[in-house]
Amino acid sequence: EAQVTQNPRYLITVTGKKLTVTCSQNMNHEYMSWYRQDPGLGLRQIYYSMNVEVTDKGDVPEGYKVSRKEKRNFPLILESPSPNQTSLYFCASSSTRGADPEAFFGQGTRLTVV
Amino acid sequence: KNQVEQSPQSLIILEGKNCTLQCNYTVSPFSNLRWYKQDTGRGPVSLTIMTFSENTKSNGRYTATLDADTKQSSLHITASQLSDSASYICVVRGRNSGGYQKVTFGTGTKLQVIP
Numbered sequence: 001e002a003q004v005t006q007n008p009r010y011l012i013t014v015t016g017k018k019l020t021v022t023c024s025q026n027m028n029h030e031y032m033s034w035y036r037q038d039p040g041l042g043l044r045q046i047y048y049s050m051n052v053e054v055t056d057k058g059d060v061p062e063g064y065k066v067s068r069k070e071k072r073n074f075p076l077i078l079e080s081p082s083p084n085q086t087s088l089y090f091c092a093s094s095s096t097r098g099a100d101p102e103a104f105f106g107q108g109t110r111l112t113v114v
Numbered sequence: 115k116n117q118v119e120q121s122p123q124s125l126i127i128l129e130g131k132n133c134t135l136q137c138n139y140t141v142s143p144f145s146n147l148r149w150y151k152q153d154t155g156r157g158p159v160s161l162t163i164m165t166f167s168e169n170t171k172s173n174g175r176y177t178a179t180l181d182a183d184t185k186q187s188s189l190h191i192t193a194s195q196l197s198d199s200a201s202y203i204c205v206v207r208g209r210n211s212g213g214y215q216k217v218t219f220g221t222g223t224k225l226q227v228i229p
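Sequence order for the protein chains is U and B.
Residue numbers 1 to 114, in my numbering, belong to the letters of the first sequence in order.
Residue numbers 115 to 229, in my numbering, belong to the letters of the second sequence in order.
When the alpha-carbon atoms are kept at most 30 Å apart in a straight line, the in silico BS3-like pairs for lysine-lysine are as follows:
| no. | chain 1 | residue 1 | chain 2 | residue 2 |
| --- | --- | --- | --- | --- |
| 1 | U | 57 | U | 18 |
| 2 | U | 57 | U | 17 |
| 3 | U | 57 | B | 224 |
| 4 | U | 69 | U | 17 |
| 5 | U | 57 | B | 185 |
| 6 | U | 69 | U | 57 |
| 7 | U | 71 | U | 18 |
| 8 | B | 171 | B | 224 |
| 9 | B | 131 | B | 224 |
| 10 | U | 57 | B | 216 |
| 11 | U | 71 | U | 57 |
| 12 | B | 185 | B | 131 |
| 13 | B | 216 | U | 65 |
| 14 | B | 224 | B | 185 |
| 15 | U | 17 | U | 71 |
| 16 | B | 171 | B | 185 |
| 17 | B | 216 | U | 69 |
| 18 | B | 216 | U | 71 |
For the record, the hints were derived by calculation from the structure and aren't laboratory data.
Okay, chain U solo, but in the shape it has when bound:
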């Protein structure tokens, strides 16, 4: 089954404690991205990756890091989480071929930073 898998689904952590949210896709997609979703603001892109070892900032990259060492994995790293990073996070992947590639989203990770 084609899917994007995020882990963990729920996470509560304390300010300053480094954490990683994993994302894996099994569709051999080149493009992967991370979004955060906050009430009234919709989905905002944090980082994206066009392919292995190619990453770039989205609209709200501050406080986040990513890496793309393998095509299927795109982890999101919070080196020193702060309460304003409490949010619902989604990973998505899509092909870069064709004019209308559909984005496939993971189930989401609800992060609370206290």
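Since the structure of chain U is already known, use the hints to place chain B on it.
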């Protein structure tokens, strides 16, 4: 700046009734527009895609329209069901001569269907 605005922000309707959600965008040049359905606590799932040359497209009880001249799209839901309760997100992709174009997300319309 590319923007996608959706209205209403939220909507409550009775089961069995119809409703229409609106999406206005300023993304230019335009490539395509997708409507996504996002159930509570889950990731968005694509419902339909509209390209520049398409005016109407149906997917079961969902019908999307596009007016590329006025830069407006609508999603009409017929004979609503309780399972239609979700957020509906309009996503617009720009177009250029080559390469992958970044998409712009609307903030969504939260629909609640009540018995």
